[in-house]
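Engineer: Sequence:
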Amino acid sequence: MEKELSNYIGYITSGSFGEGLTFKLNTYVNPENIRIGDFVVVEGKNMDYLCVVDDIRLKVTTDEVFFDPPVDEDVDDGIEKLAVSSFVYNEISIFPYLSLPKDPNSYGTTVKTLPTHFSKVRSVKSTDFRRIIPEKNAFYIGTPLTSKEKLYIDLEKLSMRNSGLFGITGSGKSFFARIIFAGLIKNKISTLLIFDMHNEHGRSIRSESGKIDSLASLFSESVKIFDVSKSSKDANTYIEIAYEDVEPEDVVLVSDILQFSPKSEETLEIVSRRRKDWLKFLLDEYPNVKDKKEVSDELAVNLESLDALSRHLQKLKNLKFLKETSSRDSIKSIIENLKNGISVVVQFSGDYKDDRLTYYFVSNIITRRIFNEFSNLTEDTQKNRVVIAIEEAHKFLSKQYQANNVFGRIAREMRKFNVTLFIIDQRPSEIDPEVLSQIGTRLVMELKDENDINAVFQGASHTKRLVKILSTLEQKQALVFGYAVPLPLPINVRSYDEEFIDEMKEVKTTKSVKDDIY
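Per UniProt numbering, the sequence shown runs over residues 1 to 518.
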């Protein structure tokens with residue numbers, strides 16, 4: 001009985017539906033043991049309420065206590081005596097996000113009412129968390145900030161809409177993303193296309209404890225690696241891109257890297273309209289033309305602009321995978337894998353590792369082909385849900401590019417075709433607000449810039465409360481909210497360690513996993 005009573009930490013003193021609840025903390029509970037983002041449960045008469053701590057206040061019943069504060073005697077002893085007196089107390093603001101029926105087998109529902117005065121407030125239990133999401137859809141992603149109970153996300157819902165993972169460099173985004181990706185593949189919820197800019201999802205990665213398996217090693221029969229570099233030893237297939245696969249849109253996206261002049265984009269549009277072989281012409285033929293003035297007149301473009309455009313595009317000739325004609329359609333192979341339930345990691349190894357030109361250029365070309373292919377499928381023919389994971393997403397989804405860019409079109413239109421985006425970025429403020437409004441689930445790690453913080457909460461409910469929670473997060477912690485969870489979850493992200501890897505590994509039997517997929 002004593003242990004049961006110790007779980008009760010206070011009782012409700014006031015509240016409103018819009019502003020939340022306030023409870024008085026029991027005198028024996030140290031307020032330093034309560035932190036912003038902690039979970040508590042209010043026990044009402046008809047149902048319980050799962051709440052998140054919103055604010056902590058130190059209160060006094062009379063100002064007279066300050067006339068003779070316990071600072072001249074043993075400070076700790078004096079304050080402790082005062083704390084259990086009737087002169088000072090602690091008040092905690094909480095917000096109820098979920099109603100829990102008294103039936104322990106029922107799951108939480110939206111809060112539509114409030115508990116009465118003096119309702120008891122207790123610490124949360126693991127059984128409370130298991131009632132957030134139905135067990136068949138629940139995937140373990142971490143623990144509360146100050147305890148060890150397991151917290152879950154609904155991966156089915158996560159993949160049904162666009163989602164975003166945001167955080168500064170070093171916050172732990174890559175490991176958190178890999179945990180989500182592994183869950184989607186393991187549970188066969190969706191097929192992934194991952195554009196792996198930093199080669200973090202290939203055969204193996206390095207952690208603080210050494211070399212550990214990554215996605216392609218965990219799911220050797222469900223994940224294939226495509227690489228733009230033939231120096232890669234991990235790849236199942238090497239990517240080749242033919243000139244005819246390139247559209248002006250792909251070049252415009254990297255125009256800043258190619259150092260386009262102000263007139264280059266307009267000139268490119270004119271040339272591409274008048275010559276079907278525009279890329280071959282600009283890369284290979286035009287530099288060798290003797291009478292360039294005659295050619296510019298035929299195309300009705302400015303000679304200097306045409307010279308500059310051809311000159312700037314020469315950087316594309318450094319991309320060895322870009323060929324006039326290709327012996328194989330590697331992009332078609334990627335699409336066929338996705339259709340058949342095989343996830344694909346597109347790597348950028350060798351000379352192309354961390355190369356922004358290659359990453360943006362290739363990602364846009366492949367994704368546009370996928371958009372064209374999948375937007376023509378019917379619900380009967382498109383059975384696999386596809387999630388496209390893209391890093392440095394602000395480049396593709398900025399105000400400047402998203403309206404005419406394939407990633408912007410996918411964010412707005414492709415959910416009905418079972419294709420969604422998983423955006424990974426450290427600068428959400430540079431993503432177009434229209435795209436941010438299309439993100440159903442947000443996984444937010446440490447952010448410092450005020451503009452990024454404001455952007456990531458755009459359109460969210462209870463923004464001020466969420467910002468307050470985010471401000472307390474440290475490395476490897478996250479705030480998860482949106483469509484895939486019924487309430488905001490401040491979490492310590494679970495470790496991508498041997499225990500997790502053992503849980504995820506494919507069980508190899510005499511029957512191939514592909515047999516199940518097909």
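These are calculated hints, taken from the structure and not from any lab test. A hint or two may mislead.
[Unchecked claim] Pairs of lysine-lysine, DSS-like flavour, derived with a Cα cap of 25 Å:
no., residue 1, residue 2
1, K317, K353
2, K24, K125
3, K148, K186
4, K102, K125
5, K263, K315
6, K280, K230
7, K136, K186
8, K290, K263
Engineer: Hint numbers the structure violates, sorted upward?
Structural biologist: Per hint list: zero violations.
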